[in-house]
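Protein chains: 2
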Amino acid sequence: MDAKAEALAAAAAVDEARLWSRQMAMAEIGATEKGGVNRAALSDEDRRARRLMVEWAGDLGFEVATDGIANLYIRLPGRQADAAPVVTGSHLDSQPRGGRFDGAYGVVGGFEALEAIARAGVETERPIDLVAWTNEEGGRFQPGAMGSAVFAGVLSLEDQLGLVDLQGVTLEDALAETLASTPGLEQRPFGHPFAAYVEAHIEQGPRLENAGTTIGAVTGIQGLYWYTVEVRGEEAHAGTTPLKARKDALKAAAHMVHALGGLMADETDTTRFTVGRFECHPGSPATVPSRVLFTIDFRHPDPAVIARIKPNIEPVCKVNAQGCAVSIRPTIDNAPLQFDPAVIDMVEGYAARLGHSVMRMPSGAGHDAGHINHLCPTGMIFVPCERGVSHNEAENATPADLAAGARTLAACLVDLANQE
Amino acid sequence: MDAKAEALAAAAAVDEARLWSRQMAMAEIGATEKGGVNRAALSDEDRRARRLMVEWAGDLGFEVATDGIANLYIRLPGRQADAAPVVTGSHLDSQPRGGRFDGAYGVVGGFEALEAIARAGVETERPIDLVAWTNEEGGRFQPGAMGSAVFAGVLSLEDQLGLVDLQGVTLEDALAETLASTPGLEQRPFGHPFAAYVEAHIEQGPRLENAGTTIGAVTGIQGLYWYTVEVRGEEAHAGTTPLKARKDALKAAAHMVHALGGLMADETDTTRFTVGRFECHPGSPATVPSRVLFTIDFRHPDPAVIARIKPNIEPVCKVNAQGCAVSIRPTIDNAPLQFDPAVIDMVEGYAARLGHSVMRMPSGAGHDAGHINHLCPTGMIFVPCERGVSHNEAENATPADLAAGARTLAACLVDLANQE
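One line per chain: the protein sequences are A and B, in this order. Numbers 1 to 420, taken from the working numbering, label the letters of the first sequence in order. Numbers 1001 to 1420, taken from the working numbering, label the letters of the second sequence in order.
Wrong hints could be hidden among the right ones.
[Unchecked claim] Below, a list of computed lysine to aspartate or glutamate pairs in the DMTMM-like style, where the Cα atoms sit at most 20 Å apart:
#, chain 1, residue 1, chain 2, residue 2
1, A, Lys244, B, Glu1267
2, A, Lys244, B, Glu1386
3, B, Lys1244, A, Asp266
4, B, Lys1310, B, Glu1230
5, B, Lys1310, B, Glu1267
6, B, Lys1244, A, Asp269
7, A, Lys34, B, Glu1234
[Claimed, not checked] Each pair of labels, with its calculated beta carbon distance range:
#, chain 1, residue 1, chain 2, residue 2, range
8, B, Asp1159, A, Gln142, 50 to 60 Å
9, B, Lys1244, A, Arg308, 12 to 22 Å
10, A, Pro315, B, Thr1170, 48 to 58 Å
11, A, Pro315, B, Ala1394, 30 to 40 Å
12, A, Ile332, B, Pro1096, 38 to 48 Å
13, B, Ser1181, A, Gln142, 50 to 60 Å
14, B, Lys1244, A, Asp159, 32 to 42 Å
15, A, Gln142, B, Gln1167, 37 to 47 Å
16, A, Lys34, B, Lys1244, 21 to 31 Å
17, B, Ala1265, A, Glu158, 52 to 62 Å
18, A, Glu158, B, Thr1170, 54 to 64 Å
If you're looking for bench data, these hints aren't it; they were derived computationally from the structure. Here the structure is a predicted model, which is why all the values come from computation and not from measurement. Glycine residues also receive a C-beta, built at the ideal position from the N, C-alpha and C atoms.
With the rest of the complex left out, here is chain A (with noise of 0.2 Å):
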């Protein structure tokens, strides 16, 4: 067989119902009520989650691996074993209220990609790796995408082993009793390296789903910027203070909205715009408002468009202050990213190969795949999320669709793998 032919015979090996019946075992480990799951990073769910994955890599005789931050590794060997890997996962945390697919359907997929390599009898030149990253979500302990970022060398260890959940538990000693509840495994160094990344994920939107589309080849990951804006105006009363000598932080945070709202205004719909804190001081029905909090947080995938609106953000606030004084505050400026070429590439051709409908698109949310970009050629796969629920108890998606996503990743795994 040749190379594309080993990497459709491995995808071909792929069985939905052995995956669905994986994901389902995988959501009834901190299952709610509502169907959703809660699995906090670093939690004894968390740490069930693992020892799942470590039981089921044992019985096929997979190789099982760790590191500082309990990054959990499972490798099907290639036939140089000392070469970098080509990597997939993703991560077994949840949300508090989340779903059963964010993250997990990564994990669980990759491994039903890995079966069906070994199955397929394919055997690549390089292992295959795949990683279940620790705290994407961010829920117990902030920030997400802490497994990645400390792998990337992004974020020290050091630096978040202090910190603390609700409950008073600090991250190392979470950490600690993590890795102690999968002994013995061998322990792999930060960054070590990696030939290429491919990350299987719902789309937690509803292009996919709105198009008829099984697959995403993803093309990077949007630009993410969040500001804090305050607007200071001046307490009066409601019923004897003229209009014009009002100083109203509401209404001018009203039209601050209104008017960022057209600044973002997008025939493509591609701009995410989103206030989704909005805090109005006293708060008394008859006083006028002094004080507004309010967050915006801005997303676009291309460069232009950021350099476009991100420096009219503060003079259409300021512009429409009505008198009140406005500052505001950046807390997170997060450039987009773009994916390896080849990759996306590799993701659409297999997925049309195989049959599936395949678009390109961007992803709205961020990923640990974001992280990785950094280090090798990287790219993910997108399969439907059912009405683009997610980060949601309702979260739900089909067989039929995390199959299709796991044939196509099996495919690039296998073709990258065979890559110099």
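Fit chain B to the supplied structure of chain A, relying on the hints for placement.
Relative to the frame of chain A, chain B by itself:
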């Protein structure tokens, strides 16, 4: 002397220094560090203020009475002991961080008018009563203007007795303690006849100061309408959900506020429109808000304008709902009220005769006079307050303006108390 001459003679006996000295003595009771007062209704401070009034009344030989809700009456007798009295007054309770003059001026200035009339040797046909109404502010027990409302039969005393303040004290207990603090007083029935009622008050707005005018001949109390608006959308991921697929409760509510501002637009700057409370849920920067609750406070003195605006409030909200569900609940619906034309003319006439600049104006805030207006010919006298600041420890007024108001009040009381 004819009746007008007696009225002017009484006014001439008003003593600016004595009035100011009494205002400052009253302001010491419940004084706050920042120069305001904290004198909750039926509190120890309120009782001290009442005892001070009783002491001053005793010094001048004025009779003191009370009623079942501890409204406090001080009488300057008339020739006809049994005739319905002409009444002036206001309240001694304050906002938690209130000013020295809101309410207290109407009581202390009313006392100055009584003293001036007595010292001028003017004897009127009817008695002249000063009343300190209980619990106008409603800061401790809601609603406010309780004493005048119970007096006027708008509220029943029985319904108020079970009210509980934040410390768990019932109104019944606080009232009993207050009545016991001024023992042996004559008990008057609620709703006993008044011949007329004139209340002096600081304006609580900036119109007199801006116009350089000393006396406001108050024409009535503007209409007051409160609504609670609930906007229900759908939680969604800020990074992945296209704007066109969202039901964003925050943006819809901001558009409503913006559009309501257009509906309320008024070149004469008479309309009062305030959104004082605005809550946004769930309040996470990366989540599209699913629920916003905000209040509307709309006021205007003119029934024709109210009739044009009121029916449009709900449609304007619904037109700007952007796919969200909107429900609007009215919580206050107080039609504007007009004071007695003869009393307004009289205030205007005496202010001018006494050499004070005077203008007609509606009251932006509610007052005890609003309830009494239903019982007898009623009017109000406004004096300027600095920068229009009220319900605030920085509230201020000048001795000269307070004296001008007391002079105008004294003249009106004498004139009214000599009418059949």
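CB of B:Ser1181 to CB of A:Gln142, is that within 50 to 60 Å? 56 Å, holds
Measure nothing beyond the straight line between the CA atoms of B:Lys1310 and B:Glu1230; if it is 20 Å or shorter, mark the hint as holding. 18 Å, holds
What's the verdict on B:Lys1244 and A:Asp269, does the C-alpha distance respect the 20 Å limit or exceed it? 7 Å, holds
With the threshold set at 20 Å, check whether the alpha-carbon distance from A:Lys34 to B:Glu1234 stays at or below it. 17 Å, holds
Given a hinted range of 54 to 64 Å, is it respected by the beta-carbon distance of A:Glu158 and B:Thr1170? Given range 54 to 64 Å: holds, Cβ gap about 59 Å.
Hinted pair, alpha-carbon criterion (20 Å max): A:Lys244, B:Glu1386. Please report holds or violated. Judged against 20 Å, a Cα distance of about 17 Å means the pair holds.
If I claimed the Cβ atoms of B:Lys1244 and A:Arg308 lie 12 to 22 Å apart, would that claim hold in this structure? The hint (12 to 22 Å, Cβ to Cβ) holds, given that B:Lys1244 and A:Arg308 are roughly 21 Å apart.
Using the beta carbons of B:Lys1244 and A:Asp159, state whether their distance is inside 32 to 42 Å or not. Distance hint for B:Lys1244, A:Asp159 holds at roughly 41 Å.
Take a look at whether the Cβ-Cβ distance between A:Ile332 and B:Pro1096 falls inside 38 to 48 Å. Taking Cβ atoms as reference, A:Ile332 and B:Pro1096 lie about 39 Å apart, which means the hint holds.
Just tell me: holds or violated, for the beta carbon distance of A:Pro315 and B:Thr1170 against 48 to 58 Å? 56 Å, holds
Is the Cα-Cα distance between B:Lys1310 and B:Glu1267 20 Å or less? Roughly 18 Å separates the two Cα atoms, so the pair holds.
For the hint 50 to 60 Å, verify it against the beta carbon of B:Asp1159 and that of A:Gln142. 51 Å, holds
Against the hints set out earlier in the document, no violation occurs for any number.
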